[in-house]
Amino acid sequence: MLTDVRYEDVSFIIDEAAAANARKALGARRVAASRADRALKSVLNGV
Amino acid sequence: MRAFRLAYDGRPFYGYQRQPRVPTVEGALLDALTDLDVVDDPTVVPERYAAAGRTDAGVSASAQTVAFVAPEWLTPAALSSALPATVRAWAHADVPPEFHATHNATSRAYVYHLHAPAAQTDDTAAHEVASRLDGRHDFHNLTPDETGTERDLSLAVSRDGDFLTLSAAADGFARHLVRRLASVIAVAGQGEADTARTASGQRRRSRWC
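Protein chains in written order, with this note's numbering: chain F, 922 to 968; chain V, 6 to 214.
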């Protein structure tokens with residue numbers, strides 16, 4: 922899973938509502954623990 | 006010119022990069038931009054479009070970064086409104102016109118979660134192989150690329166319950182390198198350290214530096 926990309930002199934503005942929506946939308950797909958779901962969990966934690 | 010952070014569940018997709026006739030993350034993004042009238046045709050990318058990196062089929066991302074000439078109103082929420090539920094934009098940055106999401110990236114980080122219960126895994130071997138791969142090496146044996154195979158790689162393995170977590174970071178990665186690194190660590194953890202060393206090129210080649 923691609924978890925970070927960094928740039929010099931670029932500051933991202935996090936859209937908290939969009940991030941929350943992302944967690945909710947992607948989190949709805951969560952099922953029992955597996956490799957893929959562990960990866961998805963990290964997606965959610967990273968947002 | 007605007008850069009966006011994207012998170013996606015990669016399982017339904019045949020990788021990031023668009024391909025004909027199969028669903029890809031980039032295809033979903035271009036479809037969304039077409040629906041939003043940012044572009045006229047999903048086969049044409051927006052002006053100065055670039056993505057930070059490609060992900061393979063089934064691979065997810067929490068911070069894929071794309072940048073292109075975008076209208077002021079195109080916020081992460083607006084973009085997400087036209088994306089499928091498995092892809093979400095969650096941050097943005099206004100960047101200079103010369104910004105290139107691929108070429109200007111100074112580092113990329115990947116995490117792989119290997120299902121490897123402790124009772125069935127040789128953690129010491131996995132750590133040993135990871136430590137050998139950490140640092141500046143020529144990874145030509147782990148990529149089909151002919152150039153750009155020498156990389157200064159930060160590689161670490163840690164245990165998280167039934168999983169081994171492989172964290173890899175570098176300024177860039179040759180094709181298939183991350184997935185093959187994960188395979189090498191997995192093989193080492195399965196008690197086949199010799200196989201892992203051979204696969205990683207440590208016995209056969211002397212081009213490590």
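Careful, some of the hints might be misleading.
Stated by the list, open to error - Quick look at which bits of chain V chain F covers, simulated, 3 or more residues with Cβ under 8 Å:
| no. | region |
| --- | --- |
| 1 | 22 to 33 |
| 2 | 74 to 87 |
| 3 | 111 to 124 |
Please keep in mind that the hints were generated in silico from the structure rather than gathered at the bench.
Glycine included, C-beta positions come from ideal geometry on N, C-alpha and C.
Hint check against the structure, violated hint numbers in rising order: Violated hint (a single one): 1; every other hint is consistent with the structure.
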